[in-house]
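2 protein chains.
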Amino acid sequence: MLDALFSPKSVAVVGASKSPDKVGNRILANLINCGFRGPLVPINPTAKEILGRTCYPSLRDYGQSVDLAVLVVPKPAVMAAVDDCLAAGVQALIVITAGFKETGAEGAQQERELVQRCRARGVRLVGPNCLGLLNTAHQLNASFANIWPARGHISFMSQSGALMSAILDYAALHRLGISSMISLGNKADVDENDLLEALAADPDTNVIVGYLESIMDGDKFIRAAESAASRKPVIIFKSGVTQAGVRAASSHTGSLAGADIAYGAAFRRAGVIRAETFEQMIDYAMAFTMQPLPTGSRVAIVTNAGGPGIMAADAVEQMGLEISPLTEESRAAMRPHLPEAASVANPIDVLGDADPERYEMAIRTALADPTVDAVVVLLTPQAVTRVRETAEAVVRAADRRKPVLASFMGGQDVAAAVEMFMRDGIPHYPSPERAVAALWAMRQYAQWRARPPRVVARFPVNRRRAERIINRQIRMNQLQVGEVAAKEILRAYEFDVPPGFHALTREEAVEAAERIGFPVAMKIVSPDIIHKSDLGGVRLNLDSADAVRDAFDLMMLRIRQRVPEARLDGVYVEKMCPRGREVILGMTRDPQFGPMLMFGLGGIFVEVLKDVTFHIAPITREEARQMLESTRSYALLRGVRGQPRVDVDAIAEGLQRISQLVTDFPEIREMDINPFIVGPVGGVSVAADARFTLQPRS
Amino acid sequence: MLDALFSPKSVAVVGASKSPDKVGNRILANLINCGFRGPLVPINPTAKEILGRTCYPSLRDYGQSVDLAVLVVPKPAVMAAVDDCLAAGVQALIVITAGFKETGAEGAQQERELVQRCRARGVRLVGPNCLGLLNTAHQLNASFANIWPARGHISFMSQSGALMSAILDYAALHRLGISSMISLGNKADVDENDLLEALAADPDTNVIVGYLESIMDGDKFIRAAESAASRKPVIIFKSGVTQAGVRAASSHTGSLAGADIAYGAAFRRAGVIRAETFEQMIDYAMAFTMQPLPTGSRVAIVTNAGGPGIMAADAVEQMGLEISPLTEESRAAMRPHLPEAASVANPIDVLGDADPERYEMAIRTALADPTVDAVVVLLTPQAVTRVRETAEAVVRAADRRKPVLASFMGGQDVAAAVEMFMRDGIPHYPSPERAVAALWAMRQYAQWRARPPRVVARFPVNRRRAERIINRQIRMNQLQVGEVAAKEILRAYEFDVPPGFHALTREEAVEAAERIGFPVAMKIVSPDIIHKSDLGGVRLNLDSADAVRDAFDLMMLRIRQRVPEARLDGVYVEKMCPRGREVILGMTRDPQFGPMLMFGLGGIFVEVLKDVTFHIAPITREEARQMLESTRSYALLRGVRGQPRVDVDAIAEGLQRISQLVTDFPEIREMDINPFIVGPVGGVSVAADARFTLQPRS
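From first to last, the protein sequence lines are chains X and H.
Count along the first sequence from 1, then add 181; that gives the number in the numbering used here.
Count along the second sequence from 1, then add 181; that gives the number in the numbering used here.
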């Protein structure tokens, strides 16, 4: 799809320069030096020849078609150069030149213009304001990065050109193989979603890594990332996770969801492996590109010293992996090959005087053990350790069916071994903890890959009825939907809502109560009052007509005294809710990723402990269950000492119904059911109170 | 104190060997090659001379006194060699030879014998089963490690000889300066506590780092570590933090405290900086040895690229440090020296084309800013970046009054800069996140150093009375102390306990109730019943003599039916407790560190959310307050929406009284007050139920 970018047959450098310290010279030099095999066409109105290549005043003057043009002309000349390229029939453009959106409104307008012209011709554009692109498989270095990495199968995209330089420099030192590397720049046209799609299809890429500061289109991202992740691992390091995301939202749901949580939910949904730091990004990429995925969580550790073995075992347990017990057979098989003091338990301690053969035997035995899914090999350079030969033994023993990761601790004594590992495809880490962390990431991804197919249930609901209510509210500009109308909407989506009536007068209230049957609850109805109970706007257990009359008059009197400016629209009289556990089900629409469903136990669990979970709608039954199970307080629902087990399926179904509702109606900006009262299994669960915030359909 | 170990005037190598592949040869060679300046005496019964030094059959044959002897003789010859050394008057011994405690009971016995002989002569012993010791300040390499590090001010002690090799190898590659390094081996005599004391006093050491797998004596450790940490930073990486610590204890307190929690509490108390991984251990040591401590939490970031700046800012916020806003003056001062596109907000972005002067100006301005406590300098190697000169600029600008840490991201392009940083004392990290983490560790330590003096309050209590009750229980072998006696003990320590009486018969119960005044509570008394209410052994709000009679008979009848084997000792009749928030105060005695106090909110907060905190007794008022404030649910005590503020001082005082009680009586193995009912400020807080587990005084 982006072939003209990744594997062009010919490349023009528009703004090529004779001066070695100019970017326009460096890019041409990079293209030449890195061995690009097709025609290279420098474009410069004054030069005849640059770096031995014939130069043309414009691309049209060149007279032949060119696949890819890299633009490095000064900002004022960009538009004309683009027109020239388009007229000459290029298929793709990389605009290195800066000075567009990042400089303000005028630049943004010029950038839009640029994209429009390209799109009119069906031409894709990378940048502007970027470092360029390189692809080792096609010996294409269309960037001004001065480092050419070893060929490999990791592809990077980076929203920071500077970071791309740092990664290249790191890769060069550590001999990390790279397939392609793309500097995203301003992402005016080609963005992370295009690249996810292209790299997912690229046979030279087996791991996609991205450094992102923003995401252009959340919906599209989730689809592109999920599709890419279904084919190969996608690792993303998203920076700017704090502060930026804090929004001043009024509801519980809104104030609990920040950008970071939304990214987390989106990544989880799409199967993206999230790197929290720069080092994790590289650490994980290395493991994925070099080793097969583990099919289980059971780890064997082979070490020549106790200390590092303990460190690795700690890390295994802390990350939720397991130390394999090893089979009796494995232990027995190792025994004759090891000194008496060696441990054939796991960690397998081959002792400080271990020779390469001992390591190889232990690794092979561990790999052959059916209770082992991955092996972590540790070494400290001790007096008699033959480090290099031991690394060779590790390489020999690794069989590419189960992952093997290594940490040879130290510095200069292990340098040659580390180099060999990088060359021969054993991911190596400076500490046991980092090796285990990379293995954990592989395991997470393997589990996501093995997940059951996502089936989103569609419940039979009265969508037309909900639509009428929502439209009515929007028409009347009543975007804050109070309890009465909110419950009507919920009824349409087949939530259990206690029977109730809106009453404008005292006598209507009594009539309503008699129709429902005593005892009843009474709640104030007002578009201006959100926290009803704080103002005395809720009365429960009214058990007679007189009690209803008294409650009505007192409520009106007192609320008028307390908030004289509030518009009062009577009261809502309803059947008393059954008893049960109170939970909150909610949704807030994230500006990037759309509807984020929320779940939490009511009261202090949400307000004080912030013990809530999020998931992007629409959700499946399994995802709804995961939302419940991921809260710290889940045990309270499952039933612990003295607490009955509640109907968790009813909560999961409630979340799925909300999922369906907010997917059906983008007009719902926020909503919550608070509380949703859940009874015991087989009992009734009801929406006891609810609120919606709408937004006009755009 | 350990002078003969760290700076001996003369050294003997007992078991020196002519054969270059023998440890006995290598140690002598190390001593010679690393430039030890005093007499070196090889001891070997068969050789005349080794490595040019005259050899003696025994140390007594040498005829002169020797400060330190390093023993590398075969295991069966160790005892005789030690006797020879002791007879010759050595002051300190390092026993390299293995085969002692680590091999089983016999070895352990021989090890004890070894230590006894040394102690009888006042001679200190390192090892056995160790790598030896080195000290760069005295050019002493009394180890068989084949790497001699650069001189510096970090001292390491390691319970793993293999890890010592790895650290030395790492230090050599990264030019990390080291003062001394001690392999602890089996810690038969010299242990971490001795070394903490010695290194705290050592003028060549400014940071103490330890890798430990176990601690010999928790009490002594806390005292030694606290004393050392008051003089210089102490960083400890304790491995084996999982599983190992899981104990099968019956009470809440016991089952919630694991070894890892105990270590955490001990380190916190002693001001030890805890490293969670091998890398953190080195990362932190580097920061502490090279830079002054920050006096506040406000960080300035200087960067030539946005991405790394964002990463650092994320890390700053996530770790609870702050991004300084910078003063108006600082911003104005930087403006004229920077291009328009540069940011003078924090992170200070000096842009991709920044020259060294721009960096220097920005760092100097940040350091001079009164709202900045530390500076983190970031760089990515971009097209025009002069990396080496920029590193020089950082070194020039750092003024040693506020800490400056750097992360120059990349690989080969930044290698020279990294080397310069290591030489010139700027701690350098491969990623912004690790630089910020090291700064966080410095800040934590600085805050501990600045803590107010620890004043443990002594409350006037009736210690004699508590002693009588405890002695009585132990005499009668009733080590499980039930509610009645437990409350007597608490009364003696001036806890508010509701008035109550132990009644053996129905009529005694009525009489007790009448004396107390209705309503009363009634609880079963039985040494065999722990969870009274689960068995119907608690009745509340009994408001008349008849109610008391009925309750007594029903309780006896039903409990006899349910647990026929339980011994029933009547009932406890007491005044109803006031209402309030229920919390749990407890203590469990950790085998290493002694009495660990526990605090948590009652019910689900402890049982489901495990929201509890621990501190080692005795505690101060501030520490008791910290225990409360460190729980996630603390907001509930402070008072949130609709919840009254409770008397947190009463809880803190309760913890301090328990602290005093369990310090006074080592016989108390475990105890809890569950619930402790706390009223509003100014109200009453009472111990509503309590249990103790005793152990006979050893």
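Hint data in this document are derived by calculation from the structure and do not stem from the laboratory.
Treat the hints with care, since some could be wrong.
Copies of the same chain look alike in the list, so a pair counts if it works inside one copy or between any two.
Said to hold, decoys possible - Straight line, CA to CA, 20 Å or less: simulated SDA-like cross-link-like pairs of lysine to any residue:
hint : residue 1 : residue 2
1    : Lys203    : Val565
2    : Lys791    : Tyr815
3    : Lys282    : Ala522
4    : Lys199    : Thr476
5    : Lys190    : Gly698
6    : Lys199    : Thr552
7    : Lys791    : Ser814
8    : Lys791    : Leu267
Only a predicted model underlies this, so the values are computations on that prediction, with no experimental measurement involved.
Let me make sure I understand: some of the numbered hints might not hold for this structure. Which ones are they, in numerical order? 4, 5, 6 and 8
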